[in-house]
Amino acid sequence: DTGVSQDPRHKITKRGQNVTFRCDPISEHNRLYWYRQTLGQGPEFLTYFQNEAQLEKSRLLSDRFSAERPKGSFSTLEIQRTEQGDSAMYLCASSRLEAHYGYTFGSGTRLTVV
Amino acid sequence: AQTVTQSQPEMSVQEAETVTLSCTYDTSENNYYLFWYKQPPSRQMILVIRQEAYKQQNATENRFSVNFQKAAKSFSLKISDSQLGDTAMYFCAFMKHSSNTGKLIFGQGTTLQVKP
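Protein sequence lines correspond, in order, to chains E and S.
Taking the working numbering, the leading residue of the first sequence gets 1, the next gets one more, and so forth.
Taking the working numbering, the leading residue of the second sequence gets 1001, the next gets one more, and so forth.
One thing to keep in mind: the hints can contain errors.
Unchecked claim - Part of the chain E face toward chain S, derived, beta carbon under 7 Å:
hint : residue
1    : F45
2    : Q80
3    : G102
4    : S107
Said to hold, decoys possible - So, partial list: chain S residues that the calculated Cβ filter (under 8 Å) puts toward chain E:
hint : residue
5    : F1035
6    : S1042
7    : Q1044
8    : F1091
9    : G1107
Hints were generated in silico from the structure; no laboratory data involved.
Glycine included, every Cβ here is placed at the ideal spot set by N, Cα and C.
Just chain E, with the same shape it has in the complex (with noise of 0.2 Å):
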């Protein structure tokens, strides 16, 4: 159990720039979830995999933001055109079925949009 990676873990992008995160889950875990967090607030949901399939997304998810999980394995998240208003903490996290006995996170990626 090698944890939650994320890559990059700092990204300075300019404004109209596309960026794409990465996130490697444990490898028996078959949810995923991104969350975006904004500096001194809670972590809010943006969308979640089950194994290969993406099953909820967040109306905060505007069509600039884009998802997958091939495979049933890592992650990508895809924002187009960035926004100064996307500069935060893309986290990523990933849980046993049972989700209820909570989550492992990523230590996350900052994106800055410039």
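With chain E held as given, fit chain S onto it using these hints.
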């Protein structure tokens, strides 16, 4: 919709003393789960303790315990014998028992500073 409120943005405590962090929530659900997560300055969030709403007994994990008051919709975290390593942001979170996704609703967080 469920909401989680943490009314204490910042708190401090002397090392070895006890501190209580407050959390209230709003839901019409009868069965649910409540969690406290810790986010140290390195920013990887760690599960501290969890409570199942249908269990009356308050959960305890070593120096961490909760006071779960279902009728009052209150879920406070008590940290005993505070240590410098407890310095972190603490988040209260809610999950519906009936949730197919296991989605968590988080509060705004409380920053705890343990002073030597």
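Structure-based check of all given hints:
1. F45: Given a least distance of 5 Å, the restraint on F45 (chain E) holds.
2. Q80: violated, 24 Å
3. G102: Holds, because the Cβ-Cβ distance from G102 (chain E) to chain S comes to roughly 4 Å (cut-off 7 Å).
4. S107: Holds: closest Cβ of chain S sits about 5 Å from S107 (chain E), inside 7 Å.
5. F1035: holds, 6 Å
6. S1042: Because about 7 Å separates S1042 (chain S) from the closest Cβ in chain E, which is inside the 8 Å limit, the hint holds.
7. Q1044: Q1044 (chain S) check passes; min Cβ-Cβ to chain E is 5 Å, inside 8 Å.
8. F1091: Check passed: Cβ of F1091 (chain S) comes within 5 Å of chain E, closer than 8 Å.
9. G1107: holds, 5 Å
Of the numbered hints stated above, the single one contradicted by the structure is hint 2.
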